[in-house]
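Please build the complete structure, drawing on both the sequences and the hints.
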Amino acid sequence: MDENQRRAYWRRNLRLMAVLLTIWAAVSFGAGIWFVKPLNNIVILDFPLGFWFAQQGSILTFLALIAVYVWRMDRLDKEFGVDELEEEGVHHP
Amino acid sequence: MSEIQVWTLVFAGLSFALYIYIAYASRVKDTAGFYVAGGGIPAPANGAAIAADWMSAASFISMAGIIALSTNGYDGSVYLMGWTGGYVLLALLLAPYLRKFGKYTIPDFVGDRYSETARMVAVVCTVVISFVYVAGQMSGTGLVFARFLNVNATTGVIIGMVIVFFYAVLGGMKGITWTQVAQYSVLIVAYLIPAVAISTELTSIPVPQIGFGQILAELDGLQRDLGFAEYTAAFTNMNMLNVTLMTATLMFGTAGLPHVIVRFYTAKNVRAARFSALWALFFIALLYTTAPSIAAFSKLNILQDVSGAAVDNLPGWAQTWADVDLITVDDLNGDGVIDYGADAANELVINNDILVLAAPEIAGLPAPIIGLVAAGALAAALSTASGLLLVISSSIANDVYYKRINPQATEARQLMVGRIAMAAAIVVAGYLGINPPGFVAQVVALAFGIACASFFPVLVLGIFWKKCTAMGATAGMLTGLVVTLAYMLWTIDIYGNSEGIFGIAETSFGVVGMALNFLVTIVVSQFTPKPSPVMQELVEEIRYPGRTKLIEAHAKGELPPDVH
Numbered sequence: 001m002d003e004n005q006r007r008a009y010w011r012r013n014l015r016l017m018a019v020l021l022t023i024w025a026a027v028s029f030g031a032g033i034w035f036v037k038p039l040n041n042i043v044i045l046d047f048p049l050g051f052w053f054a055q056q057g058s059i060l061t062f063l064a065l066i067a068v069y070v071w072r073m074d075r076l077d078k079e080f081g082v083d084e085l086e087e088e089g090v091h092h093p
Numbered sequence: 001m002s003e004i005q006v007w008t009l010v011f012a013g014l015s016f017a018l019y020i021y022i023a024y025a026s027r028v029k030d031t032a033g034f035y036v037a038g039g040g041i042p043a044p045a046n047g048a049a050i051a052a053d054w055m056s057a058a059s060f061i062s063m064a065g066i067i068a069l070s071t072n073g074y075d076g077s078v079y080l081m082g083w084t085g086g087y088v089l090l091a092l093l094l095a096p097y098l099r100k101f102g103k104y105t106i107p108d109f110v111g112d113r114y115s116e117t118a119r120m121v122a123v124v125c126t127v128v129i130s131f132v133y134v135a136g137q138m139s140g141t142g143l144v145f146a147r148f149l150n151v152n153a154t155t156g157v158i159i160g161m162v163i164v165f166f167y168a169v170l171g172g173m174k175g176i177t178w179t180q181v182a183q184y185s186v187l188i189v190a191y192l193i194p195a196v197a198i199s200t201e202l203t204s205i206p207v208p209q210i211g212f213g214q215i216l217a218e219l220d221g222l223q224r225d226l227g228f229a230e231y232t233a234a235f236t237n238m239n240m241l242n243v244t245l246m247t248a249t250l251m252f253g254t255a256g257l258p259h260v261i262v263r264f265y266t267a268k269n270v271r272a273a274r275f276s277a278l279w280a281l282f283f284i285a286l287l288y289t290t291a292p293s294i295a296a297f298s299k300l301n302i303l304q305d306v307s308g309a310a311v312d313n314l315p316g317w318a319q320t321w322a323d324v325d326l327i328t329v330d331d332l333n334g335d336g337v338i339d340y341g342a343d344a345a346n347e348l349v350i351n352n353d354i355l356v357l358a359a360p361e362i363a364g365l366p367a368p369i370i371g372l373v374a375a376g377a378l379a380a381a382l383s384t385a386s387g388l389l390l391v392i393s394s395s396i397a398n399d400v401y402y403k404r405i406n407p408q409a410t411e412a413r414q415l416m417v418g419r420i421a422m423a424a425a426i427v428v429a430g431y432l433g434i435n436p437p438g439f440v441a442q443v444v445a446l447a448f449g450i451a452c453a454s455f456f457p458v459l460v461l462g463i464f465w466k467k468c469t470a471m472g473a474t475a476g477m478l479t480g481l482v483v484t485l486a487y488m489l490w491t492i493d494i495y496g497n498s499e500g501i502f503g504i505a506e507t508s509f510g511v512v513g514m515a516l517n518f519l520v521t522i523v524v525s526q527f528t529p530k531p532s533p534v535m536q537e538l539v540e541e542i543r544y545p546g547r548t549k550l551i552e553a554h555a556k557g558e559l560p561p562d563v564h
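Chains A and B are the protein sequences, given in the same order.
Quick note on UniProt numbering: the first sequence kicks off at 1 and runs consecutively.
Quick note on UniProt numbering: the second sequence kicks off at 1 and runs consecutively.
The reader is advised that the hints may include incorrect statements.
If the Cβ cut is set under 8 Å, some of the chain A residues that face chain B in the computed set are [stated by the list, open to error]:
#, residue
1, Met17
2, Leu20
3, Phe29
4, Phe51
5, Asp77
Only part of the chain A face toward chain B is listed, based on derived beta-carbon distances under 10 Å [unchecked claim]:
#, residue
6, Asn13
7, Leu21
8, Trp24
9, Val27
10, Phe47
11, Pro48
12, Asp83
Simulated pairs of lysine-lysine, DSSO-like, Cα-Cα distance not exceeding 30 Å [as the list claims (entries may be wrong)]:
#, chain 1, residue 1, chain 2, residue 2
13, A, Lys78, B, Lys466
14, B, Lys556, B, Lys530
15, B, Lys549, B, Lys530
16, B, Lys549, B, Lys403
17, B, Lys549, B, Lys29
18, B, Lys530, B, Lys466
19, A, Lys78, B, Lys556
20, B, Lys549, A, Lys78
21, B, Lys467, B, Lys530
Treat the hints as calculated values from the structure; they're not laboratory data.
Heads up, the beta-carbon is just placed ideally off N, CA and C, and yes, glycines get one too.
Below is the structure:
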């Protein structure tokens, strides 16, 4: 990678991180804590929604966020030709 | 010997034999194998090992009980969100970069990236956090043995020490990793079987995560009738400020825990480190989405079966636990009936730690399943204990002995020091498990506060800010550590017992310490000597996957020692 490519790769990585971390905060602190009371007035499948986000929904969202991150970074690595496949990255001494 | 004890012995015996066999089959001969399993573990296995490493006696035995009994349903969510949310931070901000950087421990990263002084501060933090944590695992082991095999807790802890000694000292990280994969399998099967059975029985839906919605309205109603706040109502025990801060402390603390971070060094490469985080959270989520359902189901059973029952006619499971004093019934008003309620007239006290162990009995499941749950609890406690002991021994053998005392030490000698440090750590951990200092239960949650306040900022800034300086990081770590410890001592019941600032609980304070750490690190870095150009180049290199000469030279230890 030359200097420009490096900068482009890093910028796209940072942008992906910013988007995912915003969702991370919105679901856990937002839906699970700050807005839990109003959300609890909505009941879906017998679950008060705020309570559901706090005990189940946030965990499932976290899992989805990491899955998206792993998938998008894989694509980014391929695009920039730095994918590792099964080869070992760094050897330990 | 009762049927339950026989089955417990069978499952515990079989699983222990398996762990030791695995450790024997994967014994190691070099330090890379001992510290990081040679760095060649495939992602799904590494994820299962992280999950077992991470889910301790507290997750397996205590968490559902804390959600159901000591807090009020909703408030237990701080653990559910806090302990899983940290994995998002780990996956996005730390895992791939630390893997690319290479090496063995957190102090290794801190020492190589910043300075030798910073390395020593990091060693102290690592050892403190890990010992605090491991004491809880050892006493958890004792509790399980005491209840299911009728030996006393001390004997239980000693049995646990001997088992861990065999597979950790022999196999190092390689043995521990593959043992943890087996331990994860045992613990998750043991956790899910009773949960599925109870959910089917109460709601005829075999998926507990969905089934528990069905009982929430009934549970809320029962709680209201007995004078408790509703199970799903928010902020009844803790206010919004404390819920927010404690969740954040557990999240950032998780991302700074030495025994979790070291696991990303064991991954095959950068890509495998990312996938490890995904697999880890998947395996953890299986248990963490089940725990709140077990909590709700058990709470409902307790309210229906025990509350209002005759004092001399307790249900069988309650009597068994009452016999070992983990359930106490005190008929205060002498009417022969158990009055369970939120006020001083309450006549029933249930220890949080028995809920999961008692769940199969409460649901009337057969003895083999109860034995399996006991084996699962032991797997949870022992897997975490071995991971922590490894972190302690590698910090001492690698970062103190090899890097500071004797850099000329041969491979064989380093390995021997690692094993001796491991053995010594096991003895200390066992002692702490047998004679737990009174504050251990409180301090385990505080380990997260310390990890959060000391490590998270120096790791993140070390990766994302090339100009973060050695003096900045050292000053920041010390500030976070000292301020957080001081606040805890000031507010914990048995010491200062103060209200604190804005009523912030000691368990919620870590993230405040972390903010101070960030502030101090950034300010001091403005006025102190910048890292060398080579170091800045190295920090930039770890942002991209694939091989590069500089990283390779660093991994082989060929960079000059004063490269900071």
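These are the hints, each one checked on the structure:
{"no.": "1", "hint": "Met17", "result": "holds (5 Å)"}
{"no.": "2", "hint": "Leu20", "result": "holds (6 Å)"}
{"no.": "3", "hint": "Phe29", "result": "holds (6 Å)"}
{"no.": "4", "hint": "Phe51", "result": "holds (4 Å)"}
{"no.": "5", "hint": "Asp77", "result": "holds (6 Å)"}
{"no.": "6", "hint": "Asn13", "result": "holds (7 Å)"}
{"no.": "7", "hint": "Leu21", "result": "holds (7 Å)"}
{"no.": "8", "hint": "Trp24", "result": "holds (5 Å)"}
{"no.": "9", "hint": "Val27", "result": "holds (9 Å)"}
{"no.": "10", "hint": "Phe47", "result": "holds (4 Å)"}
{"no.": "11", "hint": "Pro48", "result": "holds (5 Å)"}
{"no.": "12", "hint": "Asp83", "result": "holds (7 Å)"}
{"no.": "13", "hint": "A:Lys78 - B:Lys466", "result": "holds (26 Å)"}
{"no.": "14", "hint": "B:Lys556 - B:Lys530", "result": "holds (24 Å)"}
{"no.": "15", "hint": "B:Lys549 - B:Lys530", "result": "holds (23 Å)"}
{"no.": "16", "hint": "B:Lys549 - B:Lys403", "result": "holds (23 Å)"}
{"no.": "17", "hint": "B:Lys549 - B:Lys29", "result": "holds (27 Å)"}
{"no.": "18", "hint": "B:Lys530 - B:Lys466", "result": "holds (9 Å)"}
{"no.": "19", "hint": "A:Lys78 - B:Lys556", "result": "holds (27 Å)"}
{"no.": "20", "hint": "B:Lys549 - A:Lys78", "result": "holds (21 Å)"}
{"no.": "21", "hint": "B:Lys467 - B:Lys530", "result": "holds (6 Å)"}
The earlier numbered hints are all upheld by this structure, with none contradicted.
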